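Participant: Okay, here's what each chain looks like letter by letter:
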Amino acid sequence: MKKTFTFIFSFLIAVGITIYSKNRQIVPMEISSKNTWRTFSKNHLNEVYGHQTTTAEYLAANIPDPVQKMGNNQRSPSSVAPSPYLSRHNRKLMGTINGKYADTDTELEMINVVSREWKEQMGTDLMRFQSEKTKIMVREDASLIKIENEKGRYVEQVTITFLMDGGITNSFKALVDSGSGRILETWDKSIHEKISQHREVIPLPDTNESGIVTR
Amino acid sequence: MLNSPRAHTFFTLQIIAVVTVLATSCVPTSTSGLRGRLTTGQTSGNLNVALTQGRILSDNPIIISKQPGLDTNYDINKLTSVATITTESFLRGSSSCFGLTYCFEVKATKDSLSALQTTTGKWAFEASTPEFLQVNTYFHLNKMLNQYFTNLGITYAYSLVTTDTALPSSLFQAGDKFALQTQTLVAFADCDERNNSEYNQANESICLGYSGDNKEIRWAHDSTILYHETGHFLNRLQMNFRNPDPNGIKSQLGNYSLYNEAGAIGEGLADFYSYYVNNRSHWGEWAAGKLGASRPLSESDPIHVPGLSESVDERLSYPQFLNYDPRNPTIPSEGIHIAGGVISHYLHALTKDLQSKCEMTSGESRELVVYLLNETLAELGDLSSVGTERKGGLGKINLNADITLSHLWLNLVNPINYRSFSQTFAKNILNSIGDPLLSRCNGTYYSQDNIESLLDSYGLLLFKTYNQHRNLTSFVNINTPINPTNRKKSVLIAKNNLILDPTSGASSAFVVDNRTSIKKIIEDMVGAGAISNISPQVDTDYNNNNDKVSPGEIVGIGLNMFNNSNSTMAGVQILANDWDHADSTGKPCQLSNDLWPLESEGASTDTVSCNTVSEASFAPVCFFQSNEATATKWISQKEFMEKIALDPSLCLDNTNSKDCFIRAIRGADQAIYSKINPKANWGATFANPTTGSAAGLSLGNIILFEISKHIPPGTIVDCRLRARFTNCEDCYHRSSTDNNDFLDVDYNGPVPFKIIHLQIPIID
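Protein chains in written order, with the working numbering: chain A, 1014 to 1228; chain B, 52 to 815.
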């Protein structure tokens, strides 16, 4: 009797745990992988490596809590474009959008393939000329397909924050090729007041020996 | 019972299950966020105020004390006053944002877990505390956003009855809310940034720093600083009224801190927003003033030099005062904050003129100007290319509906400058208070002559028509010309007066190839998001500091431009981006305004391709000299690559052989010179009168080129660049067609520009 009761009790507990855990996991993967930050930096051998952004780095870059960011499905479509939120294979369409491409039965030639290493490659490229004291933090915002000349390109929209020596931060958004990690577009760059700060200048050479002539 | 293995297992499972349940119930859910763990930021704030009240500085300390020389050690507590803050327990404002729980919140620093919270419902603190900074910031931010969104509501209501508007109908949602923000604006009131405040557009935050070795001056004590930064936030909203996609490319005024006229206009507008809120025509007396950098918005400000006044002939006009710093008037300075003074002074003068001619109150005139800014920036920033709701259509502005091309046109090919801003702004005045049918100016209308004469007094009457049928898309073919007699001060100059320095012995261009300098330039520009994707075929390790262009280098080229006219030129822009000047095979075309090369030198014979400017046809600016058996010819880089049998995988971009060997780095593919004096070059224009020479080139004055390591030394390269300037007679409109503005697609060709060739020898 006791054995039976113990068995039933344990089974119910296990079932309860299973149901609870399953409900907690109804956070779509694309949201849980988005809005997370990854940091790239250099070691003393000039090698670039990436790691999950630490709390200290996150706070040092003045990055506000992204909790209040609104989901896409909460916005009403604008009257400006006929259908700006068409998607294909769970990726929003952008570029020269034709509604037919939202239909996955319509063939769309893709000019690139998604690489798992796109973020690492991008981070390495961005760090190439940076000093060891600089860190780059990258957050994935969205995955899209960009239509160019009737062909598609997998792209990622990211937010990039540079944390430079002295606590200086710069942020911007970027569109990145999902295959090569190349940055295609940037926008929303930070605006600084920077009063009384020395303006970087390049001295004009006393004489010009470039040999450049003009017609 | 536990002696048997099975029983033991069951018992173990029970323990595991119970422990698991207990453990998982302690894990926070995905919705709790950091707020659930708040242990800091809670405070009492109980300095003799009533519930929901706190202590603030109604203006900055210098204004409140009426002491221009107020010492930084002064006890600011004596200047505070009581004000109603919020009925909420956190410093969060809901304002008018659709879809967000709250539009903005205020925190102390990056380390703050959440917005400041009160446990007593009171918000009064010592002025030196971080809590006071946050409360003060909240009060003024809330005040400004409430004022702006109230204005926007009126603007929106008004737009429903006007003949045309740039405001999309979906902008306004139920419950007096606007669908504008996708992310809460966070203001950090006690930022650890010296001599700096910042608007971070990507993360949607404002940062208010400090000055002084001991942080004696907190910028959050000066509300005008917050108004300026919030002004940038509002500019972004306005520029993107018609770009609502939260995952889409956005428009921006300006580009990092590189000088360009869009950035200068943005700074002028941000200064104006301070005046918009507090009705004072000076900005930053406390925070910026202590660093000698506060800024006036009116010629009547005592800080100005004699000779500037509010009379018609003594305005702070374009382009003469583009580089005028009132605190150092003898030393010309190129910077967006200084150049923005032209716009801030013009807008201030407009509000005064509206009060005079339309009998508006100061508040009404300022609100009207902001309404005009809403309409103007919404249209100019539209990346969908539609422009306006009723008289718009695809291709009306920023080329076409391909968002990346629109973005390219807005940022580089046809960017916002003083001319386009003034023209669109004037058009909106004409369509609103300038419309006799609407009678919005004290029962009458604000005449076209009023619009044009005020603009002209600021040197901003730089257009010949109001461009109402932009890109000829309007179905109603109305395009109002200006009255030429109103142009007394604004000067338009023919583009052929922009040349390379003809002085004997003068350089055509300067090459910057110092390794340290170039590496620093790249570091800064990559860090700002201005450039990216440097080719693996180049490296600064190849930079040899010989002031010549060598294989493998990354070089900056600054052009020695000369103004051959008798009037000041401004907004000189040299473009090195790809454009339509070759045929479909890449052969260089002879152009209407550039008969290079000769047919015997390799010019294309495809007249159809060469005479048709396409919006999707681009060719790199540089061609290569090829010594053929019978002649020397100019060929495309692709053809040169084939000629020397270079594997395409070794091109600068291994996916694009068009610019295999030399290309301008995207984002650094233009050089801008804010002003060039008559019969002078840029260097002489910015010469320090004491030293006789300019301080040097800045990042915005040079074009960065990548030079492939595979270019054979001795190769001659010809780069065909395009140049124009803002106050240009023939860069923006065709006199042969009623002075209609050029179409957007025309800017992909040669006609609106002056063509400049640089022949560059590649030296080993």
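Do not rely on the hints blindly, as some may be mistaken.
Lysine to any residue pairs mimicking SDA-like chemistry, simulated, CA-CA at most 25 Å apart [stated by the list, open to error]: (1) A/Lys1146 / B/Asp264; (2) A/Lys1132 / B/Gly343; (3) A/Lys1164 / B/Ala667; (4) A/Lys1164 / B/Asn584; (5) A/Lys1113 / B/Gln224; (6) A/Lys1207 / A/Asn1056; (7) A/Lys1055 / A/Ala1069; (8) B/Lys760 / A/Arg1195; (9) B/Lys709 / A/Ser1193; (10) B/Lys301 / B/Glu440; (11) B/Lys301 / A/Asp1154; (12) B/Lys571 / A/Asp1154; (13) B/Lys570 / A/Lys1164; (14) B/Lys570 / A/Asp1154; (15) A/Lys1055 / B/Gly603; (16) A/Lys1132 / B/Gly556; (17) B/Lys546 / B/Gly556; (18) A/Lys1132 / B/Ala667; (19) B/Lys760 / A/Gly1063; (20) A/Lys1113 / B/Lys266; (21) B/Lys570 / A/Arg1101; (22) B/Lys117 / B/Thr455; (23) B/Lys571 / A/Thr1172; (24) B/Lys266 / A/Thr1172; (25) B/Lys571 / A/Asp1178; (26) B/Lys760 / B/Val796; (27) B/Lys760 / A/Arg1101; (28) B/Lys301 / B/Arg491; (29) A/Lys1164 / B/Asp634; (30) A/Lys1146 / A/Lys1164; (31) A/Lys1164 / B/Val796; (32) B/Lys301 / A/Lys1055; (33) A/Lys1207 / B/Gly603; (34) B/Lys570 / A/Thr1147.
Honestly, the hints are just simulated from the structure, not real lab data.
It should be emphasised that the depicted structure is a prediction, and the values quoted were computed from it without experimental measurement.
Participant: Sort out whether asparagine 1056 of chain A lies within 25 Å of lysine 1207 of chain A, counting only the CA atoms.
Facilitator: 30 Å, violated
Participant: Quickly compare the C-alpha distance for lysine 1207 of chain A and glycine 603 of chain B to 25 Å and report which way the hint goes.
Facilitator: Given pair lysine 1207 of chain A, glycine 603 of chain B is violated - Cα atoms ~35 Å apart, limit 25 Å.
Participant: Going straight from one Cα to the other, do lysine 571 of chain B and aspartate 1154 of chain A come out at no more than 25 Å?
Facilitator: 29 Å, violated
Participant: Decide if the proposed pair is consistent with the structure: lysine 760 of chain B and valine 796 of chain B, CA atoms, cutoff 25 Å inclusive.
Facilitator: 35 Å, violated
Participant: If you draw a straight line from the CA of lysine 266 of chain B to the CA of threonine 1172 of chain A, is it 25 Å or shorter?
Facilitator: Since the Cα atoms of lysine 266 of chain B and threonine 1172 of chain A sit roughly 31 Å apart, the hinted pair is violated (cutoff 25 Å).
Participant: For the pair supplied as a hint, lysine 571 of chain B and threonine 1172 of chain A, is the alpha-carbon distance within the 25 Å limit?
Facilitator: With Cα atoms ~23 Å apart, lysine 571 of chain B and threonine 1172 of chain A stay inside 25 Å; holds.
Participant: Starting from lysine 1164 of chain A, check that the Cα of alanine 667 of chain B is at most 25 Å away, please.
Facilitator: With a Cα-Cα distance of about 15 Å, the restraint between lysine 1164 of chain A and alanine 667 of chain B holds, given a limit of 25 Å.
Participant: Within a Cα-Cα threshold of 25 Å, do lysine 1132 of chain A and alanine 667 of chain B meet the stated pairing?
Facilitator: 30 Å, violated
Participant: Please work out if lysine 760 of chain B and arginine 1195 of chain A have their alpha carbons no farther apart than 25 Å.
Facilitator: The hint holds at about 21 Å.
Participant: Can the restraint linking lysine 1113 of chain A and lysine 266 of chain B be considered satisfied, given a maximum Cα separation of 25 Å?
Facilitator: Violated, because 59 Å separates the two Cα atoms, which is more than 25 Å.
Participant: Can you confirm whether the C-alpha distance between lysine 1132 of chain A and glycine 343 of chain B stays at or below 25 Å?
Facilitator: 44 Å, violated
Participant: Between lysine 760 of chain B and glycine 1063 of chain A, does the CA-CA distance stay at or below 25 Å?
Facilitator: Given that 25 Å is the threshold and the Cα spacing comes to 30 Å, the pair is violated.
Checked against the numbered hints given earlier, the structure breaks hints 2, 5, 6, 12, 13, 14, 16, 18, 19, 20, 21, 22, 24, 26, 27, 28, 30, 32, 33 and satisfies all the rest.
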